[in-house]
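Residue 1 is where the sequence shown starts when you use this note's numbering, and the numbers rise one by one after that.
Incorrect hints may appear among the rest.
[As the list claims (entries may be wrong)] DSS-like cross-link-like pairs, simulated, lysine-lysine; straight-line CA separation at most 30 Å:
{"hint": "1", "residue 1": "K218", "residue 2": "K168"}
{"hint": "2", "residue 1": "K133", "residue 2": "K164"}
{"hint": "3", "residue 1": "K192", "residue 2": "K149"}
{"hint": "4", "residue 1": "K133", "residue 2": "K168"}
{"hint": "5", "residue 1": "K218", "residue 2": "K164"}
[Said to hold, decoys possible] Label pairs and their in silico Cβ distance ranges:
{"hint": "6", "residue 1": "E49", "residue 2": "T14", "range": "12 to 22 Å"}
{"hint": "7", "residue 1": "T150", "residue 2": "T80", "range": "29 to 39 Å"}
{"hint": "8", "residue 1": "D11", "residue 2": "A112", "range": "17 to 27 Å"}
Don't read these hints as lab results, they were simulated from the structure.
By construction, the Cβ of each residue, glycine as well, lies at the ideal position given by its N, Cα and C atoms.
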Amino acid sequence: MTHTVLIITDDADTAAERVAAELTGRGVPVVTLDTADFPAHVSMAAHIETGRRGWSGIVGTVRGELDLAGVGAIYSRRPTQFRMDERMSSPERAFAFAYAEARYGFGGVLAALRQSGCLWVNDPMAAMRAEYKPIQLVTAARVGLSVPKTIITNDPQEAHAWAKELGKPFAYKAVGGIWHADEGQVRVIYTKPVDDLDALLDPALARTAQLFQEWVDKAYEVRALVIGGQVLAVRIDSASEQGTIDWRSDYDSLTYERVELPTEIRDRLVELHDQLNLVYGAADLICDPQGRYHFLETNQSGEWGWLNQRAGLPVPEALADILQLGPAWAR
Numbered sequence: 001m002t003h004t005v006l007i008i009t010d011d012a013d014t015a016a017e018r019v020a021a022e023l024t025g026r027g028v029p030v031v032t033l034d035t036a037d038f039p040a041h042v043s044m045a046a047h048i049e050t051g052r053r054g055w056s057g058i059v060g061t062v063r064g065e066l067d068l069a070g071v072g073a074i075y076s077r078r079p080t081q082f083r084m085d086e087r088m089s090s091p092e093r094a095f096a097f098a099y100a101e102a103r104y105g106f107g108g109v110l111a112a113l114r115q116s117g118c119l120w121v122n123d124p125m126a127a128m129r130a131e132y133k134p135i136q137l138v139t140a141a142r143v144g145l146s147v148p149k150t151i152i153t154n155d156p157q158e159a160h161a162w163a164k165e166l167g168k169p170f171a172y173k174a175v176g177g178i179w180h181a182d183e184g185q186v187r188v189i190y191t192k193p194v195d196d197l198d199a200l201l202d203p204a205l206a207r208t209a210q211l212f213q214e215w216v217d218k219a220y221e222v223r224a225l226v227i228g229g230q231v232l233a234v235r236i237d238s239a240s241e242q243g244t245i246d247w248r249s250d251y252d253s254l255t256y257e258r259v260e261l262p263t264e265i266r267d268r269l270v271e272l273h274d275q276l277n278l279v280y281g282a283a284d285l286i287c288d289p290q291g292r293y294h295f296l297e298t299n300q301s302g303e304w305g306w307l308n309q310r311a312g313l314p315v316p317e318a319l320a321d322i323l324q325l326g327p328a329w330a331r
């Protein structure tokens, strides 16, 4: 019996549509769900009792009903925040309480399907753990990937001493991702080279954790999509200084070319994601002028749609292969 694949994403996700179309073409039932629709437009009645292996019941969506017992794979592509009813009384208390109940109730039931053998891409708990860059870096080093020298500190004196001993260019990077809320606006914090060592002695550095990393000269950069045991890689070149520092800051300057990474690098990337319990990850690498590859980070929900178009990567097919197998897929 063919299982159902649940894709969790928003309605504007055209990349997810390509995965859904690929699965549908293979005869695999697919249901797409936007979690922001719960509870206003999505209902759930889930049951469990002694003797049952997992949760059963129905999730009603705007696109039809989903039988929980029939879900064999979940692609958590772009989960959105639950949208609570604005008519609730005492908004500050009700919204926080209702949101938590939705998270632990609706979200918890879906997460618990893993206990019944359902394949998650990616498992929520593994995905949450992999968001921590210190965990990524130590795991990458352990599997044999080259990692730039890095310090995370809130001690200005230690930061200054580290940079002085390093004796070469380095950069500041955000520890928790590039998106930053600032006075009601969303700002982006890109990689920033540090030119003045004495700036590290600023007492303001003590206010939170700071990450500084050795600068690696670039021949080019690579985004490597790890999908199960497969690695699909794209070379990224920038024609601007800004894009060379951080390609995410100047997409208009970029060119793309599909490349094959050395077997050793591919194997280590797969091992990295195995260790992080991730089925999918978008890893960013630098290839230096000597042809050596250096690991920067991996994003368990990293974007791939534009690379699929610009470099001809068969990402929908690769994801569909794993989702179609569902519980039968194993590393």
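Between K218 and K168, does the CA-CA distance stay at or below 30 Å? Roughly 15 Å between the alpha carbons, so the hint for K218 and K168 holds.
Tell me if the straight-line CA distance from K218 to K164 falls inside 30 Å. 22 Å, holds
Decide if the proposed pair is consistent with the structure: K133 and K164, CA atoms, cutoff 30 Å inclusive. Distance ~24 Å between K133 and K164 Cα, so the pair holds.
So does D11 sit 17 to 27 Å from A112, Cβ to Cβ? About 26 Å separates the Cβ atoms of D11 and A112, which means 17 to 27 Å holds.
Quickly compare the C-alpha distance for K192 and K149 to 30 Å and report which way the hint goes. 16 Å, holds
Holds or violated: 29 to 39 Å for the Cβ distance of T150 and T80? Distance hint for T150, T80 holds at roughly 32 Å.
Quick check on a hinted range of 12 to 22 Å for E49 and T14, using CB atoms only. 41 Å, violated
Decide if the proposed pair is consistent with the structure: K133 and K168, CA atoms, cutoff 30 Å inclusive. 23 Å, holds
In this structure, only the earlier hint numbered 6 is contradicted, and the remaining ones agree with it.
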